[in-house]
Amino acid sequence: MAKDHKKDKKQFYYPQIPKTLTGITGLDEITSGGIPTGRPTLVCGEAGCGKTLLSLEFIVRGATEFNEPGVFMAFEEKTDELAINVASLGFDLNKLQANKKIKLDHVHIDRSEIEETGEYDLDGLFIRLGYAIDSIGAKRVVLDTIENLFAGLSNQGILRAELRRLFHWLKEKGVTAIITGERGDGPSLTRQGLEEYVSDCVILLDHRVINQISTRRLRIVKYRGSIHGTNEYPFLIDQDGISVLPVTSLNLEKEVSSGRVSSGIPALDKMLGGKGFFKGSSILVSGTAGTGKTSIAAYFANETCMRKERCLYFAFEESPRQIIRNMRSINVDLQKHVDSGLLEFQAARPTLHGLEQHLVSIHKQIKKFKPRTVILDPITNLITVGSVSEVKAMLIRLIDFLQEEQITVMFTALSLNTIVSEQTDEGVSSLVDAWLLVRDIEFNGERNRGMYIMKSRGMKHSNQVREFIITDNGIDLVEVYLGPDGVLTGSARESQKLAEKAGEVLRNNALNMKDREINRKRKVLEAKIAGLQTEFESVEEELNKIYVEEELVKNITSTNRHEITKLRRGES
Amino acid sequence: MAGKTLKSQTALTNLKKYCEEYLEGEYKIEVIDLLVQPQLAEGDQIFAVPTLVRKVPEPIRKIIGDLSNEEKVLVGLNIRPANKIL
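Sequences listed follow chains A and B, in order.
For the first sequence, the working numbering begins at 1 and goes up steadily by one.
For the second sequence, the working numbering begins at 1 and goes up steadily by one.
Because the hints were derived from the structure by calculation, they are not lab data.
No incorrect hints appear here.
The list that follows gives simulated cross-link-like pairs (lysine to aspartate or glutamate, EDC-like), each with its CA atoms no further than 20 Å apart: (1) B/K62 <-> A/D121; (2) B/K55 <-> A/E113; (3) B/K72 <-> A/E116; (4) A/K78 <-> B/E42; (5) A/K78 <-> B/D44; (6) B/K72 <-> A/E119; (7) A/K101 <-> B/E42; (8) B/K4 <-> A/E119; (9) B/K62 <-> A/D110; (10) B/K72 <-> A/D110; (11) B/K55 <-> A/D110; (12) B/K72 <-> B/E20; (13) B/K4 <-> A/D121; (14) B/K16 <-> A/E119; (15) B/K16 <-> A/E116; (16) B/K17 <-> A/E119; (17) B/K55 <-> A/E116; (18) A/K100 <-> B/E42; (19) B/K72 <-> A/D121; (20) B/K62 <-> A/E113; (21) B/K72 <-> A/E113.
This structure is a prediction, so every number in the text was calculated from the model and none was measured.
Produce the entire structure from the sequences given, and follow the hints as far as they go.
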């Protein structure tokens, strides 16, 4: 049986009560395996919240996907009306009925036709239902809305007793049943207190309109003998039936990849440790208006397609053609990727539908297109259809889903607050793995773009502000000029560069002059030294002359004296 | 009716009594046991047992219960107050 292999697939580690898959997207996840098998489940809610559709989808999915025939007993709508109502969802009730997969039975109760006298019971209903179940071997039963009995019959005592008996009887029959009930006033879940009889599983549907946008929500009020999600889960009714969206998966046990993907801007990759973003990570690009967020996103999309990977681009602001035209001006040709089928645009105004619908349509598109990269441009526009916390909740779920699928996602966000530390960008900045901030730097009568990486989990990244330049040839990042006057960008940076160049020439010139001066000084000094040297030589010579003369005189005097002495002795 | 329950028997007895009393010779009673023919329940829109269905003249009227309240049955069958003959 279907529930058995669901059990295998889900790998329950502890005994659980047997469950039957509803086949409704998301509901089986919240209930961790469906509604209790062989027991009645109460689905209650206000008018128009989707009770009938939910229960009908339970029957149809059972018949088509799990090979479990089902009986749908309608107390409100006629069977042909039902068939027409759900034909738009692709459910062909008439065909299913002809194939004995389902059985529709309309119980018509009109008070004006009925007179009650004395004791009676609802055996007629039991027999009808029993006959319907047996005729197709039904495993699933829906009673929609059984409370209509209360409108048609006045003997409440009998009705209550009979309902109690009906639910027991359903359990005995071993069919998995859904009973729908209208939401009552005040604290009671149903107008007639049906929750007293159905004690195993109660699901509450709700339909609220906030800011003119309606959101349907589903909550499991109780589920005996099973764990279940307790939150209110938004759900949607679209062309594929009901989709319930668990807000967050209960665990954070996602696979992670350490592979890297290039951002398409080499200089940016260099800032991110030279390799780009992590595969399957989430990237937020935020900045004020006109800072080039879409350009960065387009580059990323282009790069993804260049690697022959698929990219899905959700545009909430511009039409695809507008984006393609605009990006052509910065030398990015997205059209060829669209033509080759690697790039797909999904453009919709955020106000087209509520957040949940957006989320579901995003889910669906992703499941269908199977991209490696998803771009949402910009998420800030979603705020027009929901509150900050709702947008955040939606993005959490989206990021969750994308990470599970190992899809890299880039969000762009328009920040209105220019004080970086205060801005949260819908609070997603804490959820994302990498956050690039593009900022206007207004200086010297012009506006330039500066980019920095606010965070990038798990990798070395540059802490520097880079100037972000958009030219005809594309995007580039250049280092800003950090001078004595602070950070200079744009033409100020250029002129500073020129000024530096001029200064260098002048300095070089000055240096040359100094060198020559030194040479000259040296030459003068050397000349002086030579003069002094010759002067010294002449003084020395003078001094030497006296000395020689004295010697000569001494010699001569001594010779003379000798001669004189000789003469005196008379020896000549 | 569904099986020979006390309620069904009471209803049938009561019905026969009223018919003999007010519509002697001008009535026809068809008894359907849903335990034997469950497929007939849907067509006649039966959900309570026992149910008396007055098929002619139109409109169809249904009287559920053991028919113990004579007044109500007669009104339901349009025998009273108009005293019309079935």
